[in-house]
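Engineer: Sequence:
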Amino acid sequence: MQALRVRCYIGVATGLIYTGLLGSGTSREYGVLGDGVNLASRLMSKQEKTKEAGILIDKTTRELIPDYAPIQFFSQEPFYVKGKNELIHAFVPKYTKQDIDPKLTQISTYQQIHHYEVGIETELSNIEALWTKSIEQQTGFVLLLESPVGTSKSFFLESLFMRIGEKEAETQLFCAKALQYVTRPYLVWNCIFTSILKESQFTENRSYRQHIKTLFDFDELQSYLSLANDIFGTQFLEAEKCLQLDEESRMDKRAACCLYVLKYFSKNNKIVIFLDNLHWMQGDDWKITEFVCNMVGYNEFLFCILKKKGPKENNKLHSFHTQNKMLS
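Going by UniProt numbering, the first residue of the sequence shown is number 1, and it counts up by one from there.
The hints are simulated quantities; they were obtained by calculation from the structure and are not laboratory data. Don't take each hint at face value.
Unchecked claim - Straight-line Cα separation of at most 25 Å, PhoX-like style, residue types lysine-lysine; simulated pairs:
1. K46 with K59
2. K241 with K177
3. K177 with K198
4. K213 with K253
5. K177 with K82
6. K46 with K84
7. K84 with K51
8. K49 with K94
9. K267 with K213
10. K267 with K133
11. K267 with K241
12. K84 with K133
13. K213 with K198
14. K213 with K241
15. K46 with K94
16. K82 with K49
17. K49 with K59
18. K241 with K253
19. K198 with K263
20. K49 with K84
21. K59 with K82
22. K59 with K94
23. K263 with K253
24. K49 with K133
25. K46 with K82
26. K213 with K263
27. K241 with K263
28. K267 with K253
29. K198 with K267
30. K253 with K198
Claimed, not checked - Cβ pair distances, simulated, as ranges:
31. L21 with K84: 25 to 33 Å
32. R28 with L215: 45 to 53 Å
33. G83 with I135: 44 to 52 Å
Built from N, CA and C at the ideal position, the CB exists for glycine as well.
Build out the structure end to end from the sequences listed, making use of the hints.
Structural biologist: Right under this line is the structure:
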């Protein structure tokens with residue numbers, strides 16, 4: 001820019017940003033939002049006040065630049081900016097025309113403290129390798145993805161869903177999206193199991209209930225089907241055996257009914273379940289999920305979870321990390 005005699009004041013910050021169309025169908029514009037955008041703007045204004053064309057970067061950006069880069073950094077006096085309570089540590093980068101050993105450009109000597117994936121081809125390939133291995137060894141696995149909000153987990157899940165669907169014609173794929181503030185219990189599992197049980201093909205509840213009962217013929221779990229009414233999307237009358245159970249036992253039987261259905265329908269074709277945006281907001285939903293996850297490694301159906309990292313975490317989530325084949 002200096003060679004072109006253009007005076008520029010540039011602020012650079014590293015962090016999460018959100019992009020997209022803002023407005024309505026008649027009036028909208030493309031916008032960029034986020035803490036990183038705000039800080040970069042403040043740094044630009046700070047540099048402009050010096051009346052000297054140049055670039056001002058934040059501390060995070062400085063730490064992400066390799067030590068071997070031909071750049072010198074001049075630390076600035078810490079300062080406050082609007083929208084931030086803490087002092088901002090900024091640096092002015094200056095290019096140095098020094099010779100660089102080409103071998104050094106292949107090695108990163110800094111510790112990357114912030115890591116955001118750009119491009120998901122490698123990750124998809126890794127999961128496909130796990131998938132192929134699971135098919136060959138006839139085993140199940142749990143796939144758990146965790147990362148901050150806004151790191152394209154939903155897009156990653158959709159891409160994985162399409163890849164597996166195209167590659168394995170004999171695989172049954174089911175996907176459900178959990179809503180963060182939903183109050184209806186078992187909503188995410190209701191979406192999954194009504195799809196597996198093909199509820200939409202039945203014109204009345206009676207025939208749908210009969211369809212479910214036939215799956216449990218000669219199995220003692222048939223007496224406990226009413227415990228899974230909210231999950232299976234129907235209304236079985238509560239049997240006397242159910243009335244005699246305490247709350248923990250009722251949950252165990254409810255989870256066992258769910259697992260039975262999964263095992264039944266995975267006899268011929270593997271079942272793959274994708275859960276998007278699972279927050280564990282409902283305690284009951286968590287218990288069902290925990291039970292199925294802990295058991296899935298011993299069955300031939302596959303089970304995948306996509307989880308968004310949020311402020312309300314369930315400590316039990318980490319209890320089965322080492323019990324299954326996980327990718328996090």
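Engineer: Look at each hint and say if it fits the structure.
Structural biologist: Results of checking the hints against the structure:
1. K46 with K59: Holds, because 15 Å separates the two Cα atoms, which is no more than 25 Å.
2. K241 with K177: violated, 33 Å
3. K177 with K198: Since the Cα atoms of K177 and K198 sit roughly 18 Å apart, the hinted pair holds (cutoff 25 Å).
4. K213 with K253: At roughly 15 Å apart (the allowed maximum being 25 Å), K253 and K213 satisfy the hint.
5. K177 with K82: Roughly 37 Å separates the two Cα atoms, so the pair is violated.
6. K46 with K84: This hinted pair holds, its Cα atoms lying about 14 Å apart.
7. K84 with K51: holds, 24 Å
8. K49 with K94: Between K49 and K94 the Cα gap is close to 19 Å, so the pair holds against 25 Å.
9. K267 with K213: holds, 18 Å
10. K267 with K133: holds, 19 Å
11. K267 with K241: Judged against 25 Å, a Cα distance of about 29 Å means the pair is violated.
12. K84 with K133: violated, 49 Å
13. K213 with K198: holds, 14 Å
14. K213 with K241: Distance ~16 Å between K213 and K241 Cα, so the pair holds.
15. K46 with K94: holds, 17 Å
16. K82 with K49: Since the Cα atoms of K82 and K49 sit roughly 15 Å apart, the hinted pair holds (cutoff 25 Å).
17. K49 with K59: holds, 20 Å
18. K241 with K253: holds, 11 Å
19. K198 with K263: holds, 16 Å
20. K49 with K84: Since the Cα atoms of K49 and K84 sit roughly 19 Å apart, the hinted pair holds (cutoff 25 Å).
21. K59 with K82: holds, 17 Å
22. K59 with K94: holds, 15 Å
23. K263 with K253: holds, 15 Å
24. K49 with K133: violated, 59 Å
25. K46 with K82: holds, 11 Å
26. K213 with K263: Cα-Cα ~15 Å, so holds.
27. K241 with K263: Holds, at roughly 24 Å.
28. K267 with K253: holds, 21 Å
29. K198 with K267: Roughly 17 Å between the alpha carbons, so the hint for K198 and K267 holds.
30. K253 with K198: holds, 22 Å
31. L21 with K84: 25 to 33 Å: holds, 28 Å
32. R28 with L215: 45 to 53 Å: holds, 49 Å
33. G83 with I135: 44 to 52 Å: holds, 51 Å
Hint compliance for this structure: hints 2, 5, 11, 12, 24 are not met, and every other hint is.
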